[in-house]
Amino acid sequence: MRSNVRTHYGESLLIALLASIVLTQSAAAQMRFTWPDTTVQLSKYSTVEQCLAATSRVSKGLARREALTLWRDTMPRNPREALEPLPAAVTETARRCAAPFTEPTADLADFAPLLALYLYAGRDSDAAALVTRRLAAVPAKDARTARAAVSDTAVDIYLTTRPTRLDAAERILLSRARDGADRIDRLDLYARLMTAANDVGDTVRARRVAGWVVALSDSLTKAERESEKFEKLGHGSGGKLLVFGAMNVLTGLPTMLDSLRHSTASLEALERSMWARVTGERPEALPSPVGERAPAITADYWYPAEAASTPRPRPGHVSLLILFDHDACLKWNSAGDTKDTCPMALASLRRLSERFPTLDITIVSGTHGSFLYAPPPTPTDEADMIRKWLETSRIRGAAIAVSSTPFWNLPRPDARRIDRDTPNATNYAFRTSTKWTYGSFLIDQDGIIVAAHGFFEPDVGKLIDVLMHRQQQKEANEAK
Amino acid sequence: MNLTRRNLLKAGALAAAAAAIPRPLLAQLGRTPEPLPPIDDPRLKALASSALETARAAGAVYADVRLTHSRLRTFWPVYTADDESMEVGVRALMDGYWGFASGPVWSPDEMARLGREAVHQAKVNALGKRRVVELAAVPVVASGNWVMPVAIDPFEISPFEVQDFLTSLDLYCGRIPDSGLQQNFAFAAVQEKAFASTEGSYCTQRFYRTEGSLIVRLQLTKERAGNFAVEGLSPAGMGWELYTAERIPRLREHSLREEIRRGIEELREELLLPVKPVDVGRYDAVLDAPTVASLVDKTLGRATELDRALGFEANAGGTSYLTDPFGMLGSYQAGAPAFTLTAERSEPGAVATVKWDDEGVAPDSFTLVKDGVLTDFQTTRESAGWMKNSYAKAGRPVRSHGCAGAPSAVEAPLQQAPNLTLVPGREAHDFDALVSGTARGIAIKGAGIDMDFQHSSGLGMGRVFEIKNGKRVAAIDSAGFLFRATELWKALHATGGEASLRRYGMMTEKGEPAERCYHSVTAAPVVVKDLTLIDPQRKA
Amino acid sequence: MRRGDGPARLVESASSARILSKEECDAIARRVIGFARGGGETRVRILSWWNGELRWARNRVSLASDRRDIRVEISRTVGVGRGSVGENQLDDASLEAAVRGAERGAVLSPNILRPPPGMPPLPHATYPRTALWSDATYAVTPETRGEVARALVAPAEAQGMLSAGYLEMRAGSLVSVSSERLTDPYAPWDVPYASWTQAQCSMTVRDAQGTGSGWAGLSGSDWGKIDGVALAARALEKCKASQHPVSLEPGRYTVILEPQAVADLMELVAASMSRPAPENSGAGPWALAPDEALHLWRTKLGLKVLDERITISHDPADPALGILAEPWMQPVTWFDKGVLTNLAFDREYALDQLNVNPGLRGMVGYRMSGGDTSIDEMIATTARGLLVTRFSDIRRLDEKSLLGTGLTRDGLWLIEHGKITKAVKNFRFTESPLFALNAIEQLGVPVPVFRPVKDPYDAQNPLTPAIVPPLKVRDFSFTSTIDAI
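Protein chains in written order, with my numbering: chain A, 548 to 1027; chain B, 613 to 1152; chain C, 8 to 492.
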C-alpha cells in the first residue's frame, strides 16, 4: 500500500522533489536555451514560508529542466528514492535562506514550517532541538493532547520532507506512545511510518512498526473500531484495510510468496486467515477476489483481431488483466493542450511484458463516445483510437479488449450521457461495491485470481515470477 | 546549472536586466528606428515638437501631445506575464473645438499625420455653432522631469522574489485552520509619459502603480463561511514595497502576514455571531473606513466633477446632484460642519499622484467641501475657465486644479478624479472605539455602493452587524442600506481620528469612449445617524 | 518605419487602411514565427482597431477623435512550458524581442505539457461567414460625423434643451493562428481572420433646469440602419414629456417596458446561460435538484421557465445578428416557446458529456420573439401602469432566482385609463427577469436595441447585437423612489 499523505507545504514540494535529480548529460541538440540568471537575494527573506517557497521553486525548476530531456515517470521506480539526498541546489537554497533561524532562539510559532525548512537544509540536530523545545512549551492545560498534536505534526513532516527521516519519525512515535493519546490517530501514524519504511525497502523497520499497528489494533475497543474516525483511516479506504495492510507487512512478502508457490488456494487461505486475525471477522469476509475464478473478458472490439478467438484470461498462462479507461489518463483543454497522466503505469506494464514474454496481458477498456478533442467517434472509431494510443506504449503481446459501453442519455434537451457498467465491470465487481473500472488482476494458469491491485511492479513481478516457477515445477513433475 | 561563485556574481549583475522582458520597443526618432530611449531623452522632445508644429501649421490655436510607454506585469505565485505598449496622442484646439488623433507609432511621419488629423477633427466641427474655450493660464514648464519615488521598482526585481513572496503568503494562510487563499496575485504598471504643448511646455514623468488581490476564505462549517480581501493592496502609487513593507502608514499597521492572521481572527469572530434577519428601520450606523471611502468617492467625489455637474457626462455616467454649480459654490450645505473633503495629486503613495497633469499643470491641493459647505470643484484648464466669475467673486485665482488625465496617450485627456481625503476627527477614535461608543445601532463593514446617475441617492451592501451596548452582538443577514448623499453627510455624527485614516485606490470609468483611471481616497470610520436599513432582496 | 518593417500602410497617410488586412496579419504572423528559436509551437494573436468618435454636450461638440491601436499577443510553447507576452509594435526588433520574452516565459512557466504519442489528428474547423462588416460604417468621414452631430443637436437646441451624445464608428480585425496551421484548415481554437464594424449613436436631452431627461440610442454593425435623426427626435420628445415628474408610491405596477428596457433587464439572463460545471452543478438559476442515484444535478432544460410566447434564438446567417464566428456555428434556440432549450457549454463538455461537437457559446447576440401590439396599443389598454424607457445600473442580487436591482432612467410615465397622465420620478426596482417574463400581458414588434461593445480592445465578442420586443408585464416590483433625473 502506498502512502499518499501530504502536508500542506509538503504537497507541491513532494511532487516536485520526487521528480528532481541531478541533471544528466544530454545531447547538445536537445538543450533548447540557457536558463535565465535571475538571482534572488535570499538574505532579504525574513519568513520561513519565503524560504520554503524559494526551496520549492528551485526544486521545480530543476524538475522542469530535467523534463526537457528525461521523462522520469517512464523509468522504473527507484525504491530508495525517498532516502536519497536532495540536489545540491535545493539544499543550498534552503541552507542559505534558513541561516538566520537558529536554535534555541527561533520563534516557536513557526514550528511546523521551520521544522520542514531545517530538514531541507540538512540541519537535523536543529530540527530535533526544535521539536524538543516545542514539546516542552505546550500549555499545562490539555498537555497530553497538545503534545500528541505536536508529535503528529513532527512525524508528518519527518515523513514527507526529503530525504525521509525514518529514524527520527520512529523515535517521536515511540515517545508519543508513552503519552497514550488518541489511539486511532496513533494507529494512523504508525501505519504511515510503516508504509514509508516499506516503500523504501526498509523491511526490518516496516515489520517492526507493522507489529505496533497490529498490537494497537488488537487493543481497540468495539466503539473505537466502529467509529467514523476508524472508517476514515487510510484516506477513506477504512481502518480494516489499513490493519490488514500491516498484517501483510508483518507476515512478510517471502512468506506470502512461499504460500503462493504451494498453490493459489494456499495464498487465499493465508490471506483469509490474516483478515480474520486482524478484523475479528469471518475469513470469508476478506474484501479481495483472491481465489475467485476470473470471469471471461468480453469485448466488442479485439486487437489484434485474432485475440477474439482465445478466451481471456488464457488458460495455461499467467494473465494480467488491466482495467483501464482512456478518460482517466488523457486530459486536454480547449487551447488544444493534451497530457497523458498514465505514462508511469504504461511504462511499467511494458517492462513487465519484456521481462515475462509468456505473460498474457489484456488491457480492458470501454468506449465513452469521445476521445480527447476528436469529433465524436463511433464506438468502432473510438476503439481504434484507444488501440493506437495504447500501442505506443509498446507492451509486448498485449491484447486490447474494448467494450462498447452501454449508455443512455438524459432526456433532451439536457441529453447528458450516463454510462452503464460494461459486462466486464459487472463481472469483476465480485461481492464488493467497488466497480473495478481501474485496476489490475493477476490470474494464475488455472484461471484463479491471485491478486487485485495497482500497477506498480515490485510486488506484481515477484508474484508473476512465483507463478511461472510453479508452472515450471508442475511441468517438470509431470514429465517425470 | 552549477551554482559556482563566479556564476552567482555574473548572475547578480545581469539579474535586473535578465529578469525584465528585453526592451522590445523601438521609436523612430530620426530616420531609422532605434531602441526606446529613456523618456527624458531630448530627442523625444524634438519628436513631440514636430507634432505640435504640424498642428500649428494646420491652424490650431493650441495643441498638446502626449507620448506614453507603458509596461504591465502580472505576478502569480508560479508565473509572470508581461505586456508593453507605446502610444501617442495629439489634441488640437481650433475655433473653440477640440480634435484628437492617436496611434501606436512614434515616428516623425506619424507625428505629422496626427498633428494634421487632430486639427482636421477640430475643423470639421468648428463649422458648427460658435463655441468658446478659455483655457485657464498655466505656467510654462520649459523642461521638467519627475520620477515617482518608489522603494522597490517592481520591474527591476527578480520575478522569482515576487513569486516566493506570494507563495509564502499561501503557505502561511494554509497553516491557519479552516482557511485558504482564494485569490493571490499582484500587478504592477509603470508608465513613462512625455507632454508637450504649443505654449512651450515640455515635461516627462514616470509613474508606478502596484496593486494586489489577496482574498482569504474561511470555512468554519458548511453554513458558516466567508471571505475577505486583505487590507492595503488596493492600487497604490508605490512599488513592490506595497507587499514587503512591515507597515505602511494609512495602508496597514502590520505586515501582510499579520494582516492575514488578524483578518482571519476577526472574520472567525464574526462568523460565530448569531445571525438575525433584517429589521427594517433607521439606525445609528458605524461605517468602517473602506465603506466611508466608497461613499465619499461616489457621492461628492463624482458630484464635484465640474464637467459632470454641467452635463458633460449626461449621456454616459450621468450628472451631479450639485445642479447649480456656480450658484451653490460657497453656500450649499453638502454635509455636517464636521465634514471637510480635500483633494490633491501629491500625496506620496497615492495613485493619482503626479508632478504635472495631462495638460502640463502642476496640481494644487484644494478643498472641495469645507466645514460642510461646498467650496470648489475638480477642474481642468477648460473647466477652470467656466469658474472664472465664481473665483473672481471669492477672490481666488482662475487656475486648473490639475485633474486632466487619461489611461494612456491613445485616449484623450478628460477631467479625472484626483486623490480625495476626508479630514479626520479630532479625537483618536478608531472603528472599535466608535462601536464602543454606540449604545444601539448597526455596524457596516466593507460595503459596495451603487449610486444613481445623479450620484444623489444610493444603495449599499456589505457585512452588517447589530450593536448593543457598544458591542457587535449579531450578524444581520442580507442587509443593505439606502441613503441620499446630502442627508448622509449632514447626519455625520463622529469621525475617526488621524490614526484611523486609511487610503484606498479606486478605479473609475468615465467618458465616451470609456476611460479607466485610478485615484486614491483616504477616509476614517464614521458614525452617521438615522441610516435606513433594508432588505435589498425584498420585493414590493 | 523602415521598409520591410511591417505594414507601412498603417501609418503613412490619413487615407491608409485604418485596420490590418488579412494579408498584413499573415505577414506579421509569419515574421513572428520566423523569429522563434528552439522549436515548439508559436501562437500569434493580432488585434487592430480604429475608432472615429464624436462627442457632444450642451449642444456643442466637445471632442472629435480618430484613434487606432494594435495588440499583438505572442505565445511560445517550448519543450514543457508555455509563455506569452503582449505588445503593440510591428517592427522586426520589437516582435523578435517579444518572442524572446515569450520563450523566457515558457522556460519559467509551471505547466509541464507533454502531448502523448498516438493521438488522433486535430479536427479541422469550419467557420461560417457572419455579417460583421459594413462599408457604410467604415466610409463615414469626420465631416459626415460632424454634419450628423449638428443635425442631431439642432432640434433640441431650437427648443431650449441641452443635448449630450456620442457617435462612434469602429472597425476592427482579429486573427489568432498557430505556427502549425497558418492557413485553412484551422483547429477549433484558432481564429481565422475576421474584421468587423460597429456603429453607435446615442443621446440624452435634458432641460436647462434638469427637471427632465430623455434618451434614445442604437448600435449595430451597419451605420446605414441607424436613423440618428429619428433617435434625436425621440430623445427630445421624451425630455419634454418627462419634465417636472411627480413622486409615486413604490409598489407593484403593470409596466410597459420599451425594447431597450427589456434588453437591459435581459442582461441578467444573458449572463447566466451556461451549463453548470460538473463539480459545481447546483449553481445558477437552471439547476433543478440533485439526483442521488446518478450523482449529478438535474437541470431545468426541457422545462417551461418563461411565457410560451417567448422564443430567444440566434441564427449566424441573420444579417442583423452578425457576431464573431465560432467553429461549426449553428442556429441555436435558447428558449423555445418558454421552454429552456439550450445552455452554453465548452467543447470539452460537448465531447465528454454530450458526445457532440462543437461547444455552444452563450447569448452573445440574440433575437427575442414578440407580437404585434404597438406600444400605443399597450398604453391604450392599460388601466394603471408605468411606461419605462430604459434601466440603468442593474446589479444581480441572487444567482438562483436572478433577482436584480437597478434604476429606471430617462423617462418614466404614469398611465391611467389608457392614457399617459404624468411624468413620474425614477424608481429603484427589485425584480427578476424570470419573474417578469412569466407575467407578460402583451408583446410588441421586436427591434434592434442599443447594445454596443464599449472596449475596442475587447475582441472576444466584438459585436453583441440584440433584437428585442416591447413588453407589457404585470406586478413589476419597484421598491423605492430616487431623486435622480
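These are calculated hints, taken from the structure and not from any lab test.
None of these values were measured; they are calculated from a predicted model.
Honestly, I wouldn't trust all of these hints.
[Unchecked claim] For lysine to aspartate or glutamate, the following DMTMM-like pairs were computed, each having C-alpha atoms within a straight-line distance of at most 25 Å:
1) C:K432 - B:D1147
2) B:K967 - B:D1089
3) B:K1151 - C:E150
4) A:K591 - B:E768
5) A:K591 - B:E870
6) C:K307 - C:E406
7) A:K886 - C:E448
8) C:K432 - B:D1142
9) C:K247 - B:D936
10) B:K1151 - C:E448
11) A:K935 - C:D359
12) C:K232 - C:E150
13) A:K779 - B:E871
14) A:K886 - C:E150
15) B:K1057 - C:D400
16) C:K247 - C:D383
17) C:K311 - A:D961
18) C:K307 - A:D966
19) C:K461 - B:D1062
20) A:K886 - C:E286
21) C:K429 - C:D462
22) C:K407 - B:E768
23) A:K878 - C:D400
24) A:K878 - C:D359
25) A:K591 - B:D891
Going through the hints against the structure:
1. Taking the CA atoms of K432 (chain C) and D1147 (chain B), the gap is near 22 Å; set against the 25 Å cutoff, the hint holds.
2. For the proposed pair K967 (chain B) and D1089 (chain B), the alpha carbon gap of about 46 Å is over 25 Å, so the pair is violated.
3. About 50 Å separates the Cα atoms of K1151 (chain B) and E150 (chain C), which puts this hinted pair outside 25 Å; it is violated.
4. Annotation: proposed proximity of K591 (chain A) to E768 (chain B) holds, straight-line Cα distance about 15 Å (limit 25 Å).
5. For the hint linking K591 (chain A) to E870 (chain B), the alpha-carbon distance of about 18 Å falls within 25 Å, and the restraint holds.
6. For the suggested pair K307 (chain C) and E406 (chain C), the alpha carbons sit about 15 Å apart, so the restraint of at most 25 Å is met.
7. Restraint check: the Cα-Cα separation between K886 (chain A) and E448 (chain C) comes to about 54 Å, which exceeds 25 Å; the hinted pair is violated.
8. Between K432 (chain C) and D1142 (chain B), the direct Cα distance comes to roughly 24 Å. Compliance with the 25 Å bound is thereby established for this hinted pair.
9. Among the hinted pairs, K247 (chain C) with D936 (chain B) is consistent with the structure: their alpha-carbon atoms are about 20 Å apart, no more than 25 Å.
10. The hinted pair formed by K1151 (chain B) and E448 (chain C) meets the criterion: a straight-line CA distance of about 20 Å does not exceed 25 Å.
11. Distance hint between K935 (chain A) and D359 (chain C) is fulfilled; the C-alpha atoms sit about 20 Å from each other, no more than 25 Å.
12. This hinted pair checks out: K232 (chain C) and E150 (chain C) have alpha carbons roughly 19 Å apart, not beyond 25 Å.
13. At most 25 Å may separate the alpha-carbon atoms for a hinted pair to count; K779 (chain A) and E871 (chain B) exceed this at roughly 35 Å.
14. Proximity of K886 (chain A) to E150 (chain C) is assessed by CA-CA distance (about 56 Å); at most 25 Å being required, the pair is judged violated.
15. Proposed proximity of K1057 (chain B) and D400 (chain C) is supported: the alpha carbons are some 22 Å apart, at most 25 Å.
16. With a C-alpha separation of about 18 Å, the suggested pairing of K247 (chain C) with D383 (chain C) holds against the 25 Å cut-off.
17. For the proposed pair K311 (chain C) and D961 (chain A), the alpha carbon gap of about 13 Å is at most 25 Å, so the pair holds.
18. Restraint check for K307 (chain C) and D966 (chain A): satisfied, since their Cα atoms lie roughly 21 Å apart, inside the 25 Å limit.
19. Restraint check for K461 (chain C) and D1062 (chain B): satisfied, since their Cα atoms lie roughly 20 Å apart, inside the 25 Å limit.
20. Restraint check: the Cα-Cα separation between K886 (chain A) and E286 (chain C) comes to about 21 Å, which is no more than 25 Å; the hinted pair holds.
21. With a C-alpha separation of about 38 Å, the suggested pairing of K429 (chain C) with D462 (chain C) is violated against the 25 Å cut-off.
22. A threshold of 25 Å between alpha carbons decides the hint, and for K407 (chain C) with E768 (chain B) the separation of about 47 Å lies outside it, so the pair is violated.
23. With a C-alpha separation of about 41 Å, the suggested pair K878 (chain A) and D400 (chain C) falls outside the 25 Å cut-off, and the hint is violated.
24. Restraint check for K878 (chain A) and D359 (chain C): the C-alpha separation of about 11 Å stays at or below 25 Å, so the hint holds.
25. For the proposed pair K591 (chain A) and D891 (chain B), the alpha carbon gap of about 53 Å is over 25 Å, so the pair is violated.
The structure fails to meet hints 2, 3, 7, 13, 14, 21, 22, 23, 25 from the earlier list, while all remaining hints are met.
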